[in-house]
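Listed in order, the protein sequences are those of chains A and B.
With the numbering used here applied, the first sequence covers 171 to 615.
With the numbering used here applied, the second sequence covers 844 to 1417.
Heads up, some of the hints might be wrong.
Anything over 10 angstroms on all C-beta distances counts as not near chain A; from chain B, calculated [said to hold, decoys possible]:
1. 910
2. 1005
3. 1015
4. 1229
5. 1315
Straight-line C-alpha distance at most 20 angstroms; calculated SDA-like pairs for lysine to any residue [claimed, not checked]:
6. B:1003 to A:303
7. A:283 to B:1146
8. B:1003 to A:410
9. A:282 to B:1321
10. A:282 to B:1111
11. A:523 to B:1155
12. B:1111 to B:1092
13. B:1141 to A:307
14. A:557 to A:189
15. B:1111 to A:307
16. A:282 to B:1015
These aren't lab readings, by the way, just hints derived from the structure by calculation.
Every residue gets a Cβ at the ideal spot worked out from N, C-alpha and C, and that includes glycine.
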Amino acid sequence: MATNPPLLELRHVSQVYTSGERRFYAVRDINLAINEGEFVVLVGPSGCGKSTLLRIIAGLQRPTEGEVLYRGTPLQGVNPHASIVFQTFALFPWLTVLENVEVALQARGVPKKLRVPPALDLLDRVGLDGFENAYPRELSGGMRQKVGFARAMAVEPELLCLDEPFSALDVLSAEALRGELLELWLSGKIPTRAILMVSHNIEEAVLMASHIVVMEKEPGRIVTHLPINLPHPRQRKSPEFLNIVDRLYAILAGQTKAEPLELGSAPGEPGTTRALPHVTINDLTGLLEHLDEMPGNRTDLFRLAEELKVSSDHLLLLAEAAELLGFCTIAQGDIALTPLGEAFAEASILARKEIFASRLRRLPLFKWLLAMLQAAHRHQLEWEVVKTALALEFPPDEVERQLEIVVDWGRYAELLAYDDSDEVLYLELGATPAVATEGKPPAAA
Amino acid sequence: MAQPARLFKTEQPFQRPLSAGDVVVLAALAVLLYVGARLALAAPEVLQGPTISLAPVALPWYAFLSLGRMTAAYVLSILFSLLYGYLAAYNHRAEQVLMPLLDVLQSVPILSFLPVVLLSLSAILPQGIAAELAAIVLIFTSQAWNLTFTWYQSLTTIPKELREATATFRLNAWLRFRNLELPFAAIGLIWNSMMSWAGGWFFLMAAESFTVGQRDFRLPGLGSYLQEAARQGDVRAIAWGLIALVSVVILLDQLVWRPLLAWSERFKLEMVESENPTSSWFYSALRTARLSEWLTQKVWLPLREGLDAWISRRLAAGEEGARARGSRPWGLYGVAFGGGLVLVYGTWRAVQMLGAVPWSGWGAIGLGVTATLLRVTAALVIALAWTLPVGVAIGTNPTLSAWLQPVVQIMASVPATALFPVLLLVLVGLPGGLSLAAVLLMLMGTQWYLLFNVIAGASAIPQDLKFTTSLMRLRAWQRWRTLILPALFPYIITGAITASGGAWNASIVAEHVAFGGQTLSTVGIGALIAQATATGNYPLLLASTLSMVLTVVLINRLVWRPLYRLASERFRME
């Protein structure tokens, strides 16, 4: 079904930003073609640049390197043949449903008389008949997103870009809306030639896509391009379906590597410093306790996503954290509790803290920080000082987050403490249990 | 009817206390003042003011004149704000200059410029026009800055996805302005407009009734009516004047501001229906009226559509033109260079003029600043002492709030400068009369900012925290210390910043008055400025005005800003 040239093509596209002397890649050397008739879904861990890629394709962002070709010609500015459905709907709250759709047409110079009928027709087709004069705040999330779809389709885009359109919706409306979108798309009732969707839900991707593009982070790049040839409507419980989901988890969750590789290097040393996954101790404990109850202490990651009712993005982060701390091993989409993880899951609150502390001390990032604190005057360092040191390792917006995770984990393990009013980090000494427990996460409660 | 909590807030951007930009801005102000003082040399010695009729029938006309001045200044302020904010938000280079400038301007005591502006304008223009212009300029400078700040702030905080939506659907600059930027800023603009008008009345009353020595700068209006009535001791006229003033303010509130607020409910970004939206009988009446429905359908909507299409066509044509021309900012560099030269030369001349001030003059300035500072502090302390308990009582008690809020709002709506002549009538015989009156004027002008903020803060204390303190059986003082004071702290600070600005302004009109044929004066920087104006001592006028500006800016940066930062980082309720 592919024609020549593709509808959209990315050639060696990179998005670089510089911070001081360091250059960080949001996405690096991306080559991707989207052909007519394709429904391409981008999946990958959070921070892999899939949203950046979508914005580059829509022309909202100019890549620092590489070319974006639309039907063979380089793209200049906003892509006039594309429109976007946003995660947060991005409706104008002060305009009615009809006006929200109309404004997209008005921007293209369509006079009032000619833009109201098609707008009404579209609202009718997405099932919003009778709600034309309602304001978005009067609608449920699912219906708001329908307005988002109607607005995006009103300009008859050839390429429809969907930026996690279902992730802000509750489970039932998301499911209903997915079905309706598929119906519109498969029946050919809309002039859309191709769809590009960013998703953080692997099952959703397998349900809808004709092609799944798997990305990895640091730097954001494409690792797999997977055609999905299952016929519609797809059965979530069918072995073929589950097989593909399992395979995707296997790709995304990677394999537990040898220890030095797994842990990364300390800041300032050669090699990359491993960024800590953004998870809270509470969630991590929940995962381990759940695994501890499983027969054989192991399971498929995709089953876990379903049982714990978490998005695949979040689950992958949790798995990454558990693996990094040596509580789990991951192989081929399966996650298994290590003896240590089992001990942690079954330990008392205080014993958990001790196990956690001993695991943190192995991480090069913590080793480095604790050594710095040990050497520092009065065993304390200013937040800004640590931040500056870390700025050489992580992109600017990541530094702050990494430091927050360090403080959160470190406080839980009682390895270090942080005083918010003075903005200093200091070593937690066993002899002074009463200092700076203010603001400690309620994880231990 | 639920009263919305009114919060008086002056924006405080986080940055270093004093930067190079501030020095440049202050130098530019010095140059402006110098030019004013130079022009003032040619100001006529004697200025004949208008005759003010105390007949009640003259009041509607006076009210109309006062309202006209306010409206003219407000329209100017809005236009200025839209342009200035746009430039600052979308042009990074302009932002670097414009925002520090705005930051200094908003903390400058505007009223201290009044004498210089009046003198210089009357040197080049006929008396009536000069006074009109000075009044409008003065009100403009009191109204514009906070409007500009809120507009700039909302432009820079529009959610990313809404911006992306306008980009991807290719809304042009006009459609973006009408559908995104203006609606997003609407609530902030309306609130700040209300605040601007409240402040504007204060300055209008001062400007309309300003006289020093032989120079009578008065303008026919409500301010001069009240002043004349107090001068003649005509109690009936005073009552009529106050009734007229309060009616104008209340009518504006009922027919303009509350309908606007009710209408602006739709611009809330939250995607939930608000529980008790602002209501307005006038707005409801307008909405249900046949006529307004007909006007909307037949006139307003087609007109808007036509306007949209027309502007969009013009914009499209303009864009092509701009693309053809290309852009090299040589002109800009030229202007900047020229401006720099003028600035350096002007600063030098201003310093020369300051050199003419004798040491004794500087001594008097130092003494004056100290005295006024003490008065401002006293006014703030007194205001805080009564607004805290009263504000907490009103804010935490819905029944009390329901009937006290409107009363307080009406009392607060009377500009303190209008009451000042009346106040003098009573206080002038007492020992330390003017000094006491000056503190009272400051108090009257500033306490409302604090009161409204305390009410807003008290009503924002979460119910479950109040329950917790009751469950813990904390005693009254402990409850204040652990819950109420920390929760109110940010509100008190934001109120106090606005209040102290107002108090400094009040010193200009409060410390030196011509009253009943005699001139009363007390020690203070405001008195010094007024005396310098009366005697035509222009170097002293420049020196004292500059000293006051510098003092207030420094206090703002070194005292209020750190407190504000503390408030917004440590004591924020989330």
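Against the structure, the hints come out as follows:
Every Cβ of chain A is farther than 10 angstroms from the Cβ of residue 910 of chain B; the closest lies at roughly 30 angstroms, confirming the non-interface assignment. With 10 angstroms as the threshold on Cβ separation, the claim that residue 1005 of chain B sits away from chain A is violated: the shortest Cβ distance comes to roughly 5 angstroms. The non-interface label for residue 1015 of chain B is inconsistent with chain A: the shortest C-beta to C-beta separation is roughly 7 angstroms, within 10 angstroms. In this structure residue 1229 of chain B is separated from chain A by more than 10 angstroms, as the shortest Cβ-Cβ distance comes to about 31 angstroms.
Listed as a non-interface residue, residue 1315 of chain B keeps its Cβ farther than 10 angstroms from every Cβ of chain A; the least gap is roughly 18 angstroms. Of the pairs offered as hints, the one joining residue 1003 of chain B and residue 303 of chain A is violated, with about 26 angstroms between alpha carbons and a cut-off of 20 angstroms exceeded. Of the pairs offered as hints, the one joining residue 283 of chain A and residue 1146 of chain B holds, with about 14 angstroms between alpha carbons and a cut-off of 20 angstroms not exceeded. Of the supplied pair hints, the one linking residue 1003 of chain B and residue 410 of chain A is violated, its CA atoms being roughly 40 angstroms apart against a limit of 20 angstroms.
Of the supplied pair hints, the one linking residue 282 of chain A and residue 1321 of chain B is violated, its CA atoms being roughly 64 angstroms apart against a limit of 20 angstroms. For a cut-off of 20 angstroms, the pair hint linking residue 282 of chain A to residue 1111 of chain B is broken: about 26 angstroms separates their Cα positions. As the CA atoms of residue 523 of chain A and residue 1155 of chain B are separated by approximately 64 angstroms, the hinted pair breaks the 20 angstroms bound. Among the hinted pairs, residue 1111 of chain B with residue 1092 of chain B is inconsistent with the structure: their alpha-carbon atoms are about 26 angstroms apart, more than 20 angstroms.
Our distance criterion of 20 angstroms between C-alpha atoms is broken by residue 1141 of chain B and residue 307 of chain A, whose separation comes to about 28 angstroms. With a C-alpha separation of about 13 angstroms, the suggested pair residue 557 of chain A and residue 189 of chain A falls inside the 20 angstroms cut-off, and the hint holds. For the suggested pair residue 1111 of chain B and residue 307 of chain A, the alpha carbons sit about 10 angstroms apart, so the restraint of at most 20 angstroms is met. Of the supplied pair hints, the one linking residue 282 of chain A and residue 1015 of chain B holds, its CA atoms being roughly 17 angstroms apart against a limit of 20 angstroms.
In this structure, the hints that do not hold are numbers 2, 3, 6, 8, 9, 10, 11, 12 and 13, in rising order.
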